[in-house]
Amino acid sequence: MTEDRQLVSRTLKGDRKAYEMIVRKYEQPLTSYLSRMTGEREAALDFAQEVFIKAYCSLASYRPAFKFSTWLFKIASNHIIDHWRKKRLPTVSIDQPIEEEDGPMMPQVPDPGPSVVRRFELAEIRERIERALESVPEALRELFVLRHVNEFSYEEIADIKSLPVGTVKNRVFQAKELLRKRMEAS
Amino acid sequence: MTSCPRPEDLYLYLEGELGPYDARKIEEHADDCPACREALAERRLLHEAFTTLAPFEVPADFARSVMAGLPEPETRRAGWLAPLVAAMASLGIGLLGFYVFTGQRVFGVLASVNRFFGQIIAQVAPLAAKTLKIGNVVLKVAGDIVDMGFAGLLTFSRLLGPEVVILVLGLGALLSVLAFFGAKRFLQGEGS
Chain A
1 MTEDRQLVSR TLKGDRKAYE MIVRKYEQPL TSYLSRMTGE REAALDFAQE VFIKAYCSLA
61 SYRPAFKFST WLFKIASNHI IDHWRKKRLP TVSIDQPIEE EDGPMMPQVP DPGPSVVRRF
121 ELAEIRERIE RALESVPEAL RELFVLRHVN EFSYEEIADI KSLPVGTVKN RVFQAKELLR
181 KRMEAS
Chain B
187 MTSCPRPEDL YLYLEGELGP YDARKIEEHA DDCPACREAL AERRLLHEAF TTLAPFEVPA
247 DFARSVMAGL PEPETRRAGW LAPLVAAMAS LGIGLLGFYV FTGQRVFGVL ASVNRFFGQI
307 IAQVAPLAAK TLKIGNVVLK VAGDIVDMGF AGLLTFSRLL GPEVVILVLG LGALLSVLAF
367 FGAKRFLQGE GS
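Protein chains in written order, with this note's numbering: chain A, 1 to 186; chain B, 187 to 378.
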């Protein structure tokens, strides 16, 4: 965190090498996030470039009281939301439990049915998760990716998305159960 | 046996997000409940997969292409703008204080200094002497304008009394210092 602050401070003084170090540090987490959000490799790289340029242009507004990574991902999240709005992609309300073909998505007790994961090896499970992730509503998918791909804490995600921590926890859970159900159905 | 935990608590347990009391409750319950034990094992494997998804492979020249697309930084002007504002404010306060407490015209003193150097240089370089003479005229005109403003302020300050004048000058000096540090931090984006 201190290293990020120093790099930001040096960048603001005109040291472009410092910003290149920031780009190198965050290029992989950012593109890992954006690739899951766009579902396309090239689009993820284009978005990542735009996010880094946007961050650079508004670096003077960064407040060191906050973590640089959450600030950067906030920009990325807003950028991707703008993209969805422009494309007017169909969205699913996440205020209500998501209905699956066999009823509401969230059981209130653990499902004692046959274990889906037993059927697959871990590598195959990952592949299936990646595929199933594309069909998860963006708002749930985003929180899942921030939590498990980017390894942000629930508090940091709440900060990035300006949501209560409880809401973030609930939506990450919804995403995971939705993935489990989709894998079970496949 | 305690009641079955909520599925969301199973995930929070696996992420280490539950406190030791709640975690222990889930472990004890899973020992006695085959359904929950099964559910926990399944989610444990899923959790392992969730947390080991492959990272995106970034092309080696990505950072370079980002850097090539960056515009010129807009923050550079902040480096001189804040000190300039503070210096101008300090100069104004200093001139006002000098005039109020000594009654001497600052520009008159400056003109005398200028004239002194002018006389020396006049013997060496006539062109430089002419330039200094023009400078003297400019200083005199500027001095008269500023003196008029100060004279008005002096009259006003006499109405207020010396204590109030000192207070105002002190506040002005404080504001100059704040302008220097505050404006610089704000313009460079380092303020909290």
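FYI, nobody ran anything at the bench for these hints, they're computed from the structure.
Just so it is clear, CB atoms sit at the ideal spot from N, CA and C, and this is done for glycine as well.
Treat each hint with caution, since some may be false.
Unchecked claim - Quick list of simulated restraints, FRET-style, between CB atoms:
| no. | chain 1 | residue 1 | chain 2 | residue 2 | range |
| --- | --- | --- | --- | --- | --- |
| 1 | A | S58 | B | P220 | 52 to 62 Å |
| 2 | B | G278 | A | E42 | 29 to 39 Å |
| 3 | B | A209 | A | E124 | 28 to 38 Å |
| 4 | A | T2 | B | I306 | 23 to 33 Å |
What the hints assert, rightly or not - Covered stretches of chain B (in silico footprint by chain A; criterion: 3 or more residues with CB under 8 Å from a CB of chain A, positions within the stretch not fixed):
| no. | region |
| --- | --- |
| 5 | 267-277 |
| 6 | 297-303 |
| 7 | 355-367 |
Results of checking the hints against the structure:
1. S58/A / P220/B: 52 to 62 Å: Distance hint for S58/A, P220/B holds at roughly 55 Å.
2. G278/B / E42/A: 29 to 39 Å: violated (58 Å)
3. A209/B / E124/A: 28 to 38 Å: holds (30 Å)
4. T2/A / I306/B: 23 to 33 Å: violated (56 Å)
5. 267-277: violated (count 0)
6. 297-303: violated (count 0)
7. 355-367: Violated: only 0 residues of the region 355-367 of chain B have a Cβ under 8 Å from chain A.
Hint check: violations occur at hints 2, 4, 5, 6, 7; the rest are consistent with the structure.
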